[in-house]
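Build out the structure end to end from the sequences listed, making use of the hints.
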Amino acid sequence: RPTGEPRQVTQDAGGVSFPTWSPDGKSIAYLDGERLFIAPVWRREAAWAVPAVTDGQFVQWVRRTGTLVVCARWGASTASVREVALDGTIVRPLPFATGSSQEVELFDFDISAAGTLLALQEWSAQGDVWMLEAERGGF
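Note that our numbering has the sequence shown beginning at 1, numbered continuously upward.
Among the clues, some could well be false.
Computed spacing ranges between beta-carbons, pair by pair [to be verified]:
| id | residue 1 | residue 2 | range |
| --- | --- | --- | --- |
| 1 | Thr3 | Arg44 | 17 to 23 Å |
| 2 | Ala113 | Pro93 | 20 to 26 Å |
| 3 | Glu133 | Arg44 | 40 to 46 Å |
| 4 | Val91 | Ala119 | 16 to 22 Å |
| 5 | Trp48 | Ser80 | 20 to 26 Å |
| 6 | Glu5 | Gly75 | 40 to 46 Å |
| 7 | Pro6 | Ser77 | 35 to 41 Å |
| 8 | Ala46 | Met131 | 33 to 39 Å |
These aren't lab readings, by the way, just hints derived from the structure by calculation.
Note that beta-carbon positions come from the ideal geometry of N, C-alpha and C, so glycine has one too.
Right, dumping it as structure tokens:
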């Protein structure tokens, strides 16, 4: 059961979605429209936008590294998933191939508790869920 009074974290935001806690519990990442923001929750500081993410569709923190995994269009016609540092630097793209010749529209995903697997949902005609195993030990 929650205790205390609720406190608003975002202000004047329109279309905020997919809030996700940072591994240290001090910030929340979220999408506002298609831009990615980080909001400190225990200090009264303004949220800041993560550069390079301007067309985001889904976001989640990587517990092991403190980076973010972001599904976005990245200026392309279809979305892809990339690991992104808080300064907007692309740590690495996460390759994804279904073996199909048609373009795949990725939407959301979840990282396993061990941080070694990524479950991806694609929204093309099939609407399937795919699993991607992490390279270099984990996400």
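Hint by hint, work out which the structure violates, then give me just those numbers in ascending order. Failing hints: none at all.
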